[in-house]
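K.L.:
Okay, here's what each chain looks like letter by letter:
Protein chains: 2
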Amino acid sequence: MNHADLLERTHYCTEITHLEPGTTIRVAGWVRKRRDLGNLVFIDLYDRSGILQVVFDPVRNPDLVVLAQEMKRESVLTVEGTISMRPDEAVNQSMKTGRIELIASRVKLHSTSRVPPFHLIGDQEVNEELRLKYRYLDLRRSEMFRILSVRHQTYQVVRKFYSDNGFIEVTTPHLIRSTPEGARDFLVPSRLYPGRCYALPQSPQILKQILMIGGVDRYFQIVKCFRDEDSRADRQPEFSQIDVEMSFVTRDTLFRIHEELMAVVYREVLGIEIQTPFPRMTYSDALVDYGSDKPDIRFDLKLRDATDVLAGSGYQLTEDAIRNGGGVRGVVYPGGAGLSRKQIGDLERIVRSRGPGGLITFKTGDGGELTGSPLGKHLEPERRLQLVQRFDARPGDLICLAAGGFEETAWALGDLRLEIARRGNMTGDSLKFLWVIDFPLFEYVPQESRYQAMHHPFTAPLAQDENLLDSNPALCRAQAYDLVLNGVELGGGSVRIFREDLQCRIFKALGLTKQEAENRFGFFLEALRYGTPPHCGIAFGMDRLIMMLAGTDNLRDVIAFPKTLQAACLLTNAPSPATSEQMKMLGLKSLIENSGKKETT
Amino acid sequence: MNHADLLERTHYCTEITHLEPGTTIRVAGWVRKRRDLGNLVFIDLYDRSGILQVVFDPVRNPDLVVLAQEMKRESVLTVEGTISMRPDEAVNQSMKTGRIELIASRVKLHSTSRVPPFHLIGDQEVNEELRLKYRYLDLRRSEMFRILSVRHQTYQVVRKFYSDNGFIEVTTPHLIRSTPEGARDFLVPSRLYPGRCYALPQSPQILKQILMIGGVDRYFQIVKCFRDEDSRADRQPEFSQIDVEMSFVTRDTLFRIHEELMAVVYREVLGIEIQTPFPRMTYSDALVDYGSDKPDIRFDLKLRDATDVLAGSGYQLTEDAIRNGGGVRGVVYPGGAGLSRKQIGDLERIVRSRGPGGLITFKTGDGGELTGSPLGKHLEPERRLQLVQRFDARPGDLICLAAGGFEETAWALGDLRLEIARRGNMTGDSLKFLWVIDFPLFEYVPQESRYQAMHHPFTAPLAQDENLLDSNPALCRAQAYDLVLNGVELGGGSVRIFREDLQCRIFKALGLTKQEAENRFGFFLEALRYGTPPHCGIAFGMDRLIMMLAGTDNLRDVIAFPKTLQAACLLTNAPSPATSEQMKMLGLKSLIENSGKKETT
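Here the protein sequences come in this chain order: A and B. Using the working numbering, count along the first sequence one by one with no gaps and you end on 837. Using the working numbering, count along the second sequence one by one with no gaps and you end on 837.
What the hints contain is simulated information worked out from the structure, not anything from laboratory work. Nothing here was measured: the structure is a model prediction, and the numbers come from that model. Treat the hints with care, as some may be off.
The list makes no distinction among identical chains, and a pair is therefore deemed to hold if it is satisfied within one copy or across any two copies.
What the hints assert, rightly or not - Quick list of in silico lysine-lysine cross-link-like pairs, DSSO-like style, CA-CA up to 30 Å:
hint, residue 1, residue 2
1, K578, K538
2, K460, K825
3, K613, K460
4, K332, K269
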C-alpha cells in the first residue's frame with residue numbers, strides 16, 4: 237500500500253528517543269538490512285543520523301509485509317508508524333535507538349538499489365578505488381558522514397571566530413595571472429584572448445596583500461587553491477586553505493589570535509580544552525634538537541651531538557665526517573638493545589635515505605657497557621662513559637649515531653626519532669602545538685645555481701639580518717613561522733615586506749633581473765608605492781586540520797570528492813579528452829595523437 | 237621623532253567617541269588630507285571605520301609638526317595621542333568623530349605614497365578602468381568598504397541560516413569533468429594526462445545530486461562557478477553562487493525555507509523586515525500579465541489582450557497578426573498622452589527590437605476619445621469604448637498596442653512596461669519577492685533543430701505533463717522555479733529527476749543518443765541506480781543578491797577583484813601569454829603566432 241503523499245520525514249531516524257511510545261512519526265532513509273521472522277519483517281532503516289528498526293507486522297498491516305519482504309538493501313523509503321518500546325530481550329544497548337522500534341503503518345518506496353559493490357556497514361577495509369568510484373555509496377557509511385560533519389562544523393567555527401575578531405571575508409578570484417614561482421600553476425586558456433591563459437591560484441598571496449594596501453585591515457577566507465605538482469601522499473591538486481592577512485599588528489598578536497582560534501576550534505568541534513599560549517622554537521633549534529622543521533614534541537628523544545666525544549677516535553667513518561666539517565650526532569632508542577640485526581637494518585635504511593653513509597649503533601648493557609659497533613674498539617673507557625652520559629642511555633637502550641654534515645645527519649636522525657617513537661607508541665593522545673620561527677629566508681637550489689624563497693618572495697627578513705641579504709643570503713633569517721601540531725604542519729605565514737625597495741632587493745637576491753621582476757610582479761611593486769601598511773599573514777591547510785580533528789590519516793577521507801594520487805577523479809573519470817571543437821575555440825592544438833576526439837569518452 | 241615600537245592601534249579611528257577626553261590611544265591609518273594653519277597642523281587620518289582629525293601642536297611637540305608638515309596624502313601612520321574635545325566653532329556635525337580630535341604625542345611614519353591617480357574622497361565619477369587598475373586605492377574609498385562589509389555579513393548570515401537548519405556545508409571540486417551543455421566550460425589542461433582536460437564547474441549540479449544519493453540529505457555551499465560566455469553587462473566569467481540541495485522534501489518546504497532565508501538576510505544585514513510567504517505565479521501567467529519571466533510586481537501595469545476588440549477592424553497590421561494566429565496586446569502608459577513624437581519613437585524601438593513590426597498608440601482625451609493612430613479610423617465608437625475600458629485608460633493616458641505572435645508581443649510589451657515604470661518612477665522602495673513556477677521543461681533551438689533544457693537536463697517534469705515528453709515536449713512543464721525580487725532573478729532551481737528511466741527519456745528528448753548520454757553522463761546514470769532519494773534544490777547568484785542588498789547597480793562593485801566585460805583583470809593584467817615551456821609541459825601548441833613567449837609580459 238503506497239501513499240503518494242508520503243515524502244517528508246517528521247524526524248531523523250535517531251532523533252526520536254525523547255518521544256512518548258505511541259507517537260506517530262514519519263522517517264525517511266535507506267534500507268540497511270532486512271530480517272524475515274516468518275511473517276514478521278524487521279528492517280533497519282538509516283539516514284545520516286543513524287539507524288532505526290522498523291517492524292512490519294502481518295496482523296496490523298498484511299499488505300506492508302509483502303512489500304517489506306521484497307525490499308532490497310539500499311532501497312529508499314518514507315515510513316509512517318508509531319514508536320513502540322522493544323521487548324526486554326530485544327533491547328540493543330549499542331544502538332542509540334536500541335530500546336525502541338517503529339511499527340510501520342504506511343510506507344512509500346521511492347526507489348530501489350542494485351546490489352552495492354561493497355559493504356556499507358562496519359569497519360572492514362574496502363578497496364579505495366572502489367570507494368572513490370562509488371563515492372555516493374561510500375558517503376552513506378556513518379564514518380564518512382561523521383567526517384563531513386566535523387568538516388562542516390570546523391568551517392562554521394573558523395569563520396565565526398574571524399568574523400567575531402573583526403576580520404572581513406573577501407572572495408578573491410580564481411582566474412588570475414600566472415606568476416610562476418616554485419610549484420606549478422594550473423593554466424586556463426582564454427577563449428576571448430587566444431594564446432593567453434589565466435592561472436588558478438596556488439594561494440591568494442598577492443591579492444590579500446593588495447587588500448591590505450586597500451585598507452581592509454583584517455582579511456580572511458577559506459579558499460580553494462591549486463598546485464599542479466607531482467603526486468604526494470599528503471597532497472591533492474586542489475586543496476582548501478584558511479587564508480588570513482592583518483595590518484598594523486606584530487607577529488605576537490597574530491600568534492595570540494591563532495592560538496585562540498585553535499582553542500576555539502578544539503573546544504567547539506571536539507569539546508577539548510587545549511593549552512595556550514603555544515611554545516615557540518627557532519628553526520635552528522628544531523633542526524638541532526629534533527632533526528625536523530616540524531618537531532613532534534609529544535615525546536622528548538632529543539638529538540645529541542657526540543662529535544666532541546668521538547673526535548680523534550681513529551674510526552674512519554666518524555673521522556672523515558669530522559674532518560669534512562661535519563660531525564657525529566645521535567638519538568637514543570629506549571629499550572632498543574634487544575633489536576634484531578634485521579630491525580636495526582630497517583633503521584639504517586631510514587638514515588641512509590637522507591644521505592649519511594650508515595648508522596652506528598651501541599647497545600647499552602646492564603653495567604652501562606657498550607657493545608655492537610666496531611667503533612667501540614676505538615673508544616677508551618672514559619669516552620664510552622661520556623657517550624652513555626651524553627645520551628642518558630640506560631641499560632637496554634640503543635644509542636644510534638649518524639656521521640656526516642649537519643643538515644644530512646639532522647634530517648636523518650629526525651626521521652629515525654619519529655620511527656623510534658612510532659615503534660614505542662610514545663605519542664600518547666596529547667595535543668602539542670608549537671610555533672616554529674625564524675626560518676631561513678632562502679634555500680639554495682644547486683641544480684639551478686640560485687636561491688629560492690623558502691616561504692615565498694614576499695616574506696620580510698629579520699630586521700637584524702637585512703644586511704646579510706647581499707653579503708650572505710644563506711644566513712639571512714626570515715620573519716616566517718609555521719604552526720605545528722604533533723609533528724604535522726598545520727600552516728605557516730610571515731611578516732611581509734611592505735617597502736618597495738626591500739621587495740626589489742629580494743627579487744634581485746632571487747636572481748630576477750629588474751626587467752623580469754617588472755614583468756612578473758610590476759603591478760604589485762606599483763601597488764607598494766601608494767601607502768602600504770605593515771602587514772603579516774598566515775594560511776592553514778584546512779584539509780590537514782580536519783584530518784587532525786577527525787582523527788583520520790587519509791587525506792582523501794576528509795574531502796567529499798577527492799582525486800587519486802594520480803590526480804584523477806574515479807567517480808566522474810576526470811580529466812577527460814577535450815573535443816577538437818573545444819580546443820579549436822581556445823586556439824590550441826594538442827601535440828598528443830588522437831587526444832582531441834570528437835566526443836568525450 | 238619616530239618610535240620603532242609604534243605599530244598597533246588601540247582603537248579604530250571612529251570607535252573612540254565613547255572614551256573620556258584625556259584618554260591616551262593609538263590609531264593607525266592613512267592621511268586623507270592635511271591643513272597647515274601656521275604652525276598648527278591638522279591631519280585627517282582614516283582607516284576602514286572612518287576619519288579622525290589629528291592635531292600637531294607646535295607648543296607641545298615641535299618635532300612632530302615638522303614631520304606633519306611634510307606628510308603626503310595616503311601616507312601610512314601610527315599615531316599616539318590624547319583625545320580632546322574640539323572647540324565649539326570647530327565641531328563638525330557630519331562626522332562621527334566631529335566633536336573630538338586627537339592631540340598627537342608620538343608618531344610613526346610607516347610609508348609614504350605617490351600622488352593617487354584619482355580622488356578617494358566624495359562621490360565624483362572616476363573612470364572605471366582607472367579604478368580597476370588601482371583597485372587597492374579604490375578599495376580605500378568608504379563606499380567600497382561598506383559594500384565589502386555587506387558582502388562579508390551576507391556570507392556569514394547565509395551560512396549560519398543553513399547551518400541552523402540542518403544543512404551541511406560540503407566543498408565540491410573545482411577540477412571536474414567537462415560535460416558540455418549550454419554555456420561553455422573553461423578547460424584546464426592536465427599535465428599528468430597530456431591531451432586531457434579538467435573543466436571548471438558551471439555549477440556543482442551533478443555533484444550535489446550525488447551528495448543526495450550519498451545520504452547527505454541537506455547540502456549547502458557558497459561556491460565559485462565559472463562560465464566562458466561572451467560578455468554581458470551583468471555577468472562575470474567567475475561568480476559566486478549559494479548552492480543548495482535537499483532530499484525528502486516537497487517544493488513547498490524548499491520555498492518556505494528560502495522565504496525564511498531572505499527574511500533573515502534582510503533583517504540581519506539591513507534591519508529590514510520583509511513579508512513572507514512570497515506570492516507565486518506561473519511562468520505562463522507571468523508572460524501573459526507581465527511579458528516577463530521575472531516580473532517586477534512593485535507596480536501593476538498589467539498587459540491586456542485586445543485581440544477580441546480589434547478583430548475584424550480591417551486594419552492591416554492587426555488583421556495580419558490575428559490571421560497568423562497571433563493577436564493584439566497592449567499596456568497603458570499613465571499620463572503618456574503628452575509624449576512627443578520622438579518619445580513615442582523611443583518606445584517603438586523597444587517594441588521592434590523584440591520582433592513586432594511596430595507600436596500602435598492611442599492618446600486618451602478628456603472625454604475618453606482616442607486619437608493618434610490610423611487604426612482609430614477603423615474602429616466603431618463602441619470598439620473604441622471597449623478599448624478604453626479594456627485598459628482602464630483615463631484621460632491623458634497613452635494606450636500602447638503591439639500586434640504579432642504571443643511570445644514576441646509579450647516580451648516586447650514586457651520591456652515596454654518596465655520602461656514606462658522607469659520613466660514614471662513607479663517602483664518606489666518596496667521589496668517585492670515572487671516565485672515564478674512551472675517553467676517550460678524545454679525550449680526549442682531553431683538553429684540546431686532540437687530542444688534544449690530550459691533549466692538543466694536534471695529537472696523533473698510536472699507529474700501531469702510526463703506523458704507529453706515524447707508526444708509534445710514543447711508543452712511539457714517543469715517542476716522548476718525562480719525567485720525574483722523587484723524584477724531581478726535572484727536564483728532558481730527545480731525538483732530533480734531521481735529515476736534513471738525518466739532521466740534517460742529526458743536525455744533522449746534532448747537529442748542525445750544512448751551512447752552520447754552514456755559517454756557524458758554514464759557515471760551519473762549509474763549513481764541513480766543505487767537508491768536515489770527524491771530531492772530538489774536551488775541556487776542563488778550571490779553577487780546579484782549582494783548588489784540588491786548594497787543598493788548598487790554595478791556588479792563589479794560587489795566583487796573585490798572583478799574582471800572587465802572583456803574578461804580581463806586590469807590590476808594584474810590577466811590573462812597573460814603562457815610561456816612556451818608551460819605549453820610544452822601540457823602537451824599543447826598554440827595556433828596563435830608569437831603567443832608562447834619565453835617570458836610573460
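K.L.:
Check each numbered hint against the structure and report the violated ones by number, ascending.
P.N.:
3
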